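S.K.: Read off the chains here:
Number of protein chains: 2
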Amino acid sequence: MQTEDEFLEVLYKRLPIPPAELVIPPGDDCAGLRIGRGRLLLVAIDQIVGGRHYLLEGPGAAKPEEVGRKLLARNLSDIAAMGGRPLYCLVASALSPRHDDVWLRRFFEGIITLAREFGVLMIGGDLAVTPEDDAASLVIIGEAPEKKVVRRSGARPGDILFSTGRFGRAVATGHHLTFKPRCREGEWLASKGYARAMIDVSDGLLLDARRLCRSSGTGLRLNTDHIPLRSPETSLREALTDGEDYELLFAVAKRKTGRLATAWPFEETPLTVIGEFIASDKPVIRDSEGALLAFEGGEGFDHFTSMEGGGDSGS
Amino acid sequence: MQTEDEFLEVLYKRLPIPPAELVIPPGDDCAGLRIGRGRLLLVAIDQIVGGRHYLLEGPGAAKPEEVGRKLLARNLSDIAAMGGRPLYCLVASALSPRHDDVWLRRFFEGIITLAREFGVLMIGGDLAVTPEDDAASLVIIGEAPEKKVVRRSGARPGDILFSTGRFGRAVATGHHLTFKPRCREGEWLASKGYARAMIDVSDGLLLDARRLCRSSGTGLRLNTDHIPLRSPETSLREALTDGEDYELLFAVAKRKTGRLATAWPFEETPLTVIGEFIASDKPVIRDSEGALLAFEGGEGFDHFTSMEGGGDSGS
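Each protein sequence line maps, in turn, to chains A and B. Residues 1 to 315 in my numbering are what the first sequence spells out, letter by letter. Residues 316 to 630 in my numbering are what the second sequence spells out, letter by letter.
Pulled out of the complex, with its shape left as it was, chain A reads as follows (with noise of 0.2 Å):
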């Protein structure tokens, strides 16, 4: 079976010719729309599911505001992901009859809290009721200046990798429900042109990692010693492949590596250097000993290929 890149590839390459206000065809983070004047409009839809994304019940079942949360940070990730500024946001929720008007009312306030924290306007809804499943889909629209978005496809050889914050055990940890997107660097990262390529971390750093290399046509040398764990008992291998941990993946040129670790100006968000970008006709990644980095039963999140097990991978 394929998986939801591949899968999503192949449909997007059957769609006619983009026209040229699509600055950002389907395939990045967000896409990206020109509406005059050097600004470009974002656009990218992400969702939940009940017992995939956040616990329906027992120990650790999230609460419904935290669900909600949990729907849009996720999205805003995506802006932050392309050095955007959210501005809107879509929400349909398809919720199963066992939840009330006030499990719904608490729901819309995860969403409607964290977006005033951001900026962020809620501008549409639908609401559904499912036979027994909770599922629910939330489209962000941003924006960028033309000249500053950060697509996945401008690292070179030799650009540094960069990351913010920590990695591994997003589930075990809660942090998947509590954790800030990344907004405000990725926007600073653009503005000061520091990023020349960037994606967020959803499915797993080594996945999406990957998926850096594969849009700037270079591989990477990741170095394993130096990224950061999320607490002393994460494993080098939960960190690589957990995924949900949504930070910042980008590439920065190696003459500007030294003033951006001196102009950092976010002291709670940790700022790593992680690996560096390689030559190579293949998005292949190695540790620091030069071996490729693989693992048995695969190097992220991206669910969608093990319908049985179930799960997701994000936009």
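Think of the hints as simulated: they come from the structure by calculation, not from any bench. Remember, predicted model here, so these are calculated numbers, not experimental data. Built from N, CA and C at the ideal position, the CB exists for glycine as well. Keep in mind that the hints are not guaranteed to be accurate.
Said to hold, decoys possible - A partial selection of chain A residues facing chain B, derived with a Cβ cut-off under 7 Å:
1) L15
2) G36
3) G38
4) G124
Chain B: place on chain A using the hints.
M.R.: This is chain B only, laid out in the frame that chain A set:
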């Protein structure tokens, strides 16, 4: 329990004051954002749920192409209701593991085929797997000149209510899977300045006509004898309350009605005068005799209120 309209209205009231570029705030068929030079971007979200909007199994079960087609068609109808032109869509599918790649491909085939017919490009997608149910949502992005866009709020007492097409038994006859969204009709009505208030009928003629009245601050006298029935078996009550017709209801200034009837270029689309807006501070709807139109058990399809029964309602 609140209706969907009521729930969302309370929610939107709690949002911060929208910026000036949000020319059409939520509560209409689409939200409208000014994007320079008198151009509005129109955005709406809508969804379909298996077992609610289509049958999953047995006789009358929908083909995957039909499911995808319906998802887009519902959204196109929202753009039509603003007199807009559809441009882009993004799709999130949350599907049961019983569907294979072939099903998914056929589902997207249904979307893409209709999209091509209406010049719409798919620019984003997200695929997820649920434990059991099927849900999918779609965001439509369109455009309209700010001076031509048609809202729900423009009807005045004395205006004539027109409809396109026929009403009732949309599910029983399969119309809900095969209807042609009235985009061309809607855009023509807007560009020629005929429609000064418009809505599409997704939740029942009576319920959607009442929304038009509510937004416009008027009442309505419906010529119940003139409402075009889908078939000889269709009852008036079915025509008024079944929903899923996806026809346009619109207000036309009395002095323009003759010209409209003559100029109407869509030979295959019935155009019918079905009522007249009346002065009223409540959105009351009366029949030709002046009697209040109301049905026990509700007047439309706002199934959000009947959680046990399930269902949905469009945005």
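S.K.: It remains to establish, for every hint, whether it holds in the given structure.
M.R.: Checked hints:
| no. | hint | result |
| --- | --- | --- |
| 1 | L15 | holds, 6 Å |
| 2 | G36 | holds, 4 Å |
| 3 | G38 | violated, 11 Å |
| 4 | G124 | holds, 5 Å |
Hint compliance for this structure: hint 3 alone is broken.
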